[in-house]
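Q: Protein chains in written order, with UniProt numbering: chain Y, 1 to 385; chain W, 1 to 385; chain R, 1 to 385; chain P, 1 to 385.
Some hints could be false.
It does not matter which identical chain is meant; a pair holds if it fits inside one copy or across any two.
Under the rule of at most 30 Å between Cα atoms (straight-line distance), these lysine-lysine pairs were calculated in the DSBU-like manner [claimed, not checked]:
hint	residue 1	residue 2
1	K299	K316
2	K299	K87
3	K71	K299
4	K153	K201
5	K201	K71
6	K299	K161
7	K201	K287
Worth flagging that the hints you see were computed from the coordinates, not collected in a lab.
There are 4 protein chains.
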Amino acid sequence: MSLSFIPLVGLPRRSRRRCPRLHSVKASMPSVVKVGILGASGYTGAELLRLLAQHPRAEVSVLTADRSAGKEMGAVYPQFAFGAFGKSLPTLVRSEDVNWASAADLVFCCLPHATTQDIIASLPLSSGLRVVDLSADFRLRDLSSYERWYGGKHRAPVLQKEAVYGISELFRESIRDARLVANPGCYPTTAQLPLIPLLEKRLILPTDIIIDAKSGISGAGRSPTQGTLFCEVADGISAYGVASHRHMPEIEQGLTDAYGSHDPVRVSFTPHLMPMSRGILETIYVKTSSGVDADQMRKCLANRYADEPFVHVLQKGVAPPQTRHVRGSNNCVIQVMNDAISGRAIIISALDNVVKGASGQAIQNMNIMFGFPETMGLECQPTFP
Amino acid sequence: MSLSFIPLVGLPRRSRRRCPRLHSVKASMPSVVKVGILGASGYTGAELLRLLAQHPRAEVSVLTADRSAGKEMGAVYPQFAFGAFGKSLPTLVRSEDVNWASAADLVFCCLPHATTQDIIASLPLSSGLRVVDLSADFRLRDLSSYERWYGGKHRAPVLQKEAVYGISELFRESIRDARLVANPGCYPTTAQLPLIPLLEKRLILPTDIIIDAKSGISGAGRSPTQGTLFCEVADGISAYGVASHRHMPEIEQGLTDAYGSHDPVRVSFTPHLMPMSRGILETIYVKTSSGVDADQMRKCLANRYADEPFVHVLQKGVAPPQTRHVRGSNNCVIQVMNDAISGRAIIISALDNVVKGASGQAIQNMNIMFGFPETMGLECQPTFP
Amino acid sequence: MSLSFIPLVGLPRRSRRRCPRLHSVKASMPSVVKVGILGASGYTGAELLRLLAQHPRAEVSVLTADRSAGKEMGAVYPQFAFGAFGKSLPTLVRSEDVNWASAADLVFCCLPHATTQDIIASLPLSSGLRVVDLSADFRLRDLSSYERWYGGKHRAPVLQKEAVYGISELFRESIRDARLVANPGCYPTTAQLPLIPLLEKRLILPTDIIIDAKSGISGAGRSPTQGTLFCEVADGISAYGVASHRHMPEIEQGLTDAYGSHDPVRVSFTPHLMPMSRGILETIYVKTSSGVDADQMRKCLANRYADEPFVHVLQKGVAPPQTRHVRGSNNCVIQVMNDAISGRAIIISALDNVVKGASGQAIQNMNIMFGFPETMGLECQPTFP
Amino acid sequence: MSLSFIPLVGLPRRSRRRCPRLHSVKASMPSVVKVGILGASGYTGAELLRLLAQHPRAEVSVLTADRSAGKEMGAVYPQFAFGAFGKSLPTLVRSEDVNWASAADLVFCCLPHATTQDIIASLPLSSGLRVVDLSADFRLRDLSSYERWYGGKHRAPVLQKEAVYGISELFRESIRDARLVANPGCYPTTAQLPLIPLLEKRLILPTDIIIDAKSGISGAGRSPTQGTLFCEVADGISAYGVASHRHMPEIEQGLTDAYGSHDPVRVSFTPHLMPMSRGILETIYVKTSSGVDADQMRKCLANRYADEPFVHVLQKGVAPPQTRHVRGSNNCVIQVMNDAISGRAIIISALDNVVKGASGQAIQNMNIMFGFPETMGLECQPTFP
């Protein structure tokens with residue numbers, strides 16, 4: 001399934017007036033995109049490189065990592081210390097030492113939450129540089145919500161207004177022309193891909209949506225903390241951030257939009273840490289609308305994603321998805337089942353938090369932004385065993 | 001908290017008429033209990049031995065394992081191939097070769113579900129032999145429910161009627177005098193310990209109780225199956241038995257009793273397989289009764305279990321329990337939190353499925369049955385890291 | 001030097017007359033190779049598919065799996081139940097139901113050791129079908145050695161004589177024209193890649209070579225056995241097959257050839273099972289020739305593999321390779337260090353047992369056999385984290 | 001033979017005059033030992049508590065942790081947040097705030113290497129306080145060796161001279177009367193238990209002893225470092241400290257004493273990090289003395305340890321020990337096999353690095369020092385699965 005240009009043609013929202021930057025972007029559409037990564041020394045940075053290595057039209061031109069500036073990537077991630085691709089990578093530099101106007105066509109921003117606003121605001125977006133931000137800084141449209149959940153005033157409110165929330169399958173049209181894409185969180189992607197179409201079609205009720213989420217440890221990043229040491233997380237599981245995780249408002253924003261009522265949709269969201277490196281599985285408990293059962297929900301999702309290369313709805317009777325069957329791939333796989341209690345259904349949604357939950361979706365968004373086939377660089381099959 | 005004899009004295013329910021076998025049992029109360037294990041080659045059998053090694057008043061007199069008859073335990077479980085205790089263990093024999101009337105005072109039955117009824121029916125219970133059955137065969141009081149969930153007619157319905165369901169903390173009085181204790185399932189123990197007191201006190205509603213359960217692999221047993229191979233379960237997670245797991249009716253039976261209404265309490269129960277050997281964590285989503293919040297629920301449970309050595313309710317604000325903090329111990333640890341959606345609460349309950357979820361509770365029940373302090377043989381602290 | 005090098009030198013076997021198929025093979029070199037997999041339901045079969053999905057000139061035309069015949073691959077490996085590639089795969093069939101002469105240009109044989117000889121002997125090699133055998137059946141040139149280690153007479157001795165041992169980097173020339181390639185074992189590949197050049201150049205002594213090998217569990221295959229259940233291998237390690245593993249004679253055969261003396265080179269080889277799915281790390285303890293130290297050994301290997309895309313020798317001072325840094329890739333990474341005892345050195349060699357140790361090297365050999373670029377389909381970077 | 005054996009033999013050091021404290025120690029032998037732990041917030045501190053919970057004659061009277069002073073243990077290790085034992089523990093205090101003369105009879109010192117000397121030197125050993133030091137600070141008799149390997153001058157050389165190296169089974173007599181026991185390293189215990197008797201009896205050669213050691217992650221401690229994060233060590237293995245690990249001189253010191261020649265015994269020692277929490281397995285490759293094979297070696301060790309409750313030599317033909325079969329116990333299990341190369345043998349030795357490799361052996365030494373049965377508090381069986 002390529003990202004065909006057909007829907008782009010003749011749509012009023014792409015008129016010169018509404019999106020004046022669009023045509024200049026198109027005029028400068030490079031045959032090879034020069035890609036920079038801000039904060040390349042984290043897990044999402046490394047994963048971007050793994051995937052970009054196979055992207056025929058992306059060239060990694062800049063890698064920044066303030067504390068590791070001057071080092072080669074192979075010193076930070078040994079898997080890039082050998083092999084033609086690893087050796088071809090630019091040396092890590094400090095962000096402030098880059099002339100962004102000429103260094104890159106697109107920047108993936110992999111910096112920690114709350115540190116990103118100032119840096120992105122300082123980038124020359126007006127010169128055509130485009131940004132996919134993997135942090136949470138531009139995801140919450142409501143600035144007061146941002147302030148409440150992230151503990152500080154938003155420092156780039158104008159940019160926030162422009163930012164496009166980037167679940168590729170759902171917001172493709174807006175992503176295409178965006179200068180700044182807010183790449184969604186891993187938990188929110190896993191939840192919204194099944195829930196948004198179901199709420200749009202009103203097949204499920206907007207109340208008492210319960211999302212029990214299980215994630216691998218890579219989501220916690222590479223900074224040393226006691227809580228993510230091997231001995232602290234191996235051979236055991238735990239809940240964290242109960243009723244207080246920052247991905248909750250992000251999910252609620254998307255579901256409220258989808259349901260389209262004045263009342264915000266609230267969710268019960270409980271993340272858990274699993275003794276595995278990658279993968280998210282969400283078990284979502286919902287109430288169905290009157291007369292609706294799992295079959296109709298499954299059909300709705302199967303139709304919605306029929307032509308999508310990365311979102312797969314399993315057929316009736318097929319065992320629910322396992323994270324290991326999407327590991328390393330950009331897939332999100334979904335199954336829907338009736339609950340034992342009538343009037344209820346269970347949705348199970350699985351993806352790789354580092355790929356479709358972060359770097360893979362970021363590249364998918366880049367492909368949309370630059371008119372490349374959407375699967376470019378993302379064709380690897382899941383790694384199992 | 002020892003299992004004091006005080007409640008035993010002078011209670012009418014222990015009158016000769018209602019429980020004639022009781023006095024003969026008491027008369028023959030041995031200072032050391034001779035213990036047999038039927039099906040000692042499985043994980044629950046091995047775990048019973050690990051714990052019994054430290055029980056000063058239990059002596060392992062018989063170990064059966066039909067396919068491994070003639071072998072030493074150390075050949076089946078290498079950890080018993082050395083050390084004084086391991087070397088003291090009797091050789092594995094076939095069940096039919098045991099003279100049960102003289103061989104043991106108590107039998108732990110660790111056979112697979114559905115194979116147990118005939119064997120237990122053939123044991124000389126009338127001669128004073130007592131049984132703790134770790135299989136599911138005697139847990140469901142309703143024979144038609146047994147037939148529906150286990151796929152066959154119950155073959156020992158009279159014994160089923162006599163069997164006492166053995167969550168130690170909740171049914172201690174009945175366990176004390178029982179000839180046959182149906183040791184509860186691991187998932188049902190984890191769920192019922194918090195839910196039964198809350199339903200009894202009507203602090204939560206009996207509707208839409210959602211139990212998202214996560215278990216280590218040992219619960220699947222030691223028989224080789226593709227689905228429990230290391231490569232099939234490592235570094236990934238999955239749901240199974242969605243809306244169709246056999247522990248669901250067992251939980252519903254207990255909750256219905258606790259709530260005490262005519263309408264059965266139904267639960268949504270979804271188990272998941274985790275890449276770890278031991279441990280169960282259940283995240284339970286409930287609706288609170290009007291005016292009730294997590295604090296009241298927590299207090300109710302803290303009061304209920306204040307004197308219990310193995311069930312612990314965490315204080316407000318303490319992070320929810322992790323399975324690794326109960327690993328190897330007989331503890332069940334519970335926390336209660338308000339959900340983000342008002343009128344809802346989240347209960348998190350953790351235990352070691354092989355100990356409190358199986359062999360540990362079986363020994364706790366033995367201690368109750370024989371008047372030993374309830375913690376005897378079960379004093380080991382959790383193993384972490 | 002190679003398994004088949006000696007007979008190749010100056011022998012008419014490579015002449016036009018003795019090997020007429022060679023040119024016909026070339027003449028009929030397809031732009032797309034039709035690939036069959038015998039025994040596709042095992043881990044090496046699944047891994048071949050993962051890699052072939054990205055091979056632009058291979059088309060999977062036949063998949064056999066006798067016990068799963070009639071099923072789709074997605075029913076056997078859920079990661080192929082969705083996605084364009086998975087859905088494009090042929091249905092599993094019984095081997096005997098395939099018309100091999102027309103069905104495929106190349107067959108990867110992924111059947112268990114000792115079952116392969118009859119099946120390969122029955123294939124129409126004379127019609128141009130070529131075979132890469134991933135079993136051990138054609139690896140040992142000495143038939144009596146085969147009989148001793150595999151417990152039965154070799155049933156295809158003529159084919160055995162023709163088979164080419166397929167470490168791609170070392171025996172490329174012979175592989176190119178082979179009808180039957182014996183794809184090397186995972187442990188032997190890891191050991192021979194560093195040891196063969198060092199023995200050829202006589203930088204190390206041929207005595208007391210000690211290979212301490214550590215492997216992930218996938219090497220044991222997907223058949224259910226107690227010893228590879230999650231609970232039996234997680235959170236612990238063990239040695240097995242001490243001084244008696246079948247890969248020992250395979251390694252010794254290669255090293256003896258390389259050293260080129262009349263006395264066979266013997267090795268001390270001890271494999272260990274690690275709680276991980278993929279990866280082999282071998283720590284090899286050797287005595288150096290007089291005056292030789294790790295620097296010279298490292299240089300020798302760096303030179304030998306300077307132009308190889310998949311074998312990488314780390315620079316002096318770089319930390320030794322970790323299996324997780326080659327996971328999912330076809331790389332073998334090697335480091336050499338002086339031992340604390342003078343006159344000794346330590347070689348550490350790491351690869352992914354399912355890729356360079358099996359399916360990846362099989363595809364690399366296919367690429368050699370069909371004149372494709374050797375990296376085709378094998379360009380994926382390691383997956384870390 | 002022991003670190004301190006030679007000076008003990010016939011030397012006045014054990015006489016009443018040189019060791020007046022000895023009898024006063026005996027005179028004041030308490031029926032319950034008051035135990036302090038310096039540095040209780042690390043893994044060895046937590047493990048001491050797990051074991052001491054079951055020790056009937058030890059009472060935990062002081063716990064220090066400078067950075068966590070003022071907290072309860074349950075806040076640092078949640079497994080001690082509930083249960084009678086956990087709640088009975090003293091609050092963490094700063095070391096300098098303790099009046100050691102009255103606070104404890106014995107101190108376990110669990111501080112990091114190189115920080116211990118000053119603190120132990122400041123303790124009132126002359127008042128009868130006795131110390132088991134789990135750090136490496138007092139293990140190396142040769143002060144210049146200490147300086148070379150630990151990077152600084154030893155700051156308590158007189159105490160160092162008095163310290164007794166504490167492998168319980170080998171140096172029991174010296175430990176009994178020691179004021180300061182240097183508790184051995186985990187790797188050195190695993191290696192020396194089999195090697196010392198074999199070298200004493202000259203069954204193996206003192207040259208080219210190769211120790212390939214594999215350890216769980218807990219040995220690296222609880223301080224957050226990138227290298228011990230879950231994602232950095234899960235599902236992969238690696239060697240580290242090749243030919244440069246600090247446990248090498250400790251092993252060599254013991255082996256040199258045992259062999260009793262003027263030439264130091266040198267070993268090749270390579271540690272590896274395994275994706276598991278606990279356990280050490282060492283595969284030791286040795287040359288046998290002329291005419292000696294594995295049977296004689298095994299018999300020698302079986303005789304040496306026949307009466308030992310914690311060191312077990314497996315019988316001929318029994319599979320080599322696995323770390324998971326000693327997990328959580330104080331056992332060291334050993335097997336000896338002939339190598340495939342004649343004149344060589346392979347020894348496999350396994351223990352739990354946190355127990356027999358650290359805290360368990362420390363308690364065993366305490367038992368020796370205070371005249372308790374050596375198994376007291378250490379009777380728990382291995383935890384498997």
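Q: It remains to establish, for every hint, whether it holds in the given structure.
A: Each hint tested on the structure:
1. In this assembly of identical chains, the alpha carbons of K299 and K316 lie at most 30 Å apart only when taken from the same copy (9 Å versus 44 Å across copies).
2. Within a single copy, K299 and K87 get their C-alpha atoms only as close as 47 Å, which misses the 30 Å cut-off; across copies the closest is 19 Å, which meets it.
3. For a Cα distance limit of 30 Å, the shortest separation of K71 from K299 across copies, 24 Å, qualifies, whereas the shortest one inside one copy, 51 Å, does not.
4. Taking the shortest Cα distances, K153 and K201 never come within 30 Å of each other, neither inside one copy (36 Å) nor across copies (45 Å).
5. For the homomeric pair K201 and K71, neither the shortest alpha-carbon distance inside one copy (52 Å) nor that between copies (35 Å) is at most 30 Å.
6. Taking the shortest alpha-carbon separations for K299 and K161, neither the intra-copy value of 35 Å nor the inter-copy value of 46 Å comes in at or below 30 Å.
7. Taking the shortest Cα distances, K201 and K287 sit within 30 Å of each other both inside one copy (14 Å) and across copies (27 Å).
The structure fails hints 4, 5 and 6 (numbered hints given earlier, in ascending order).
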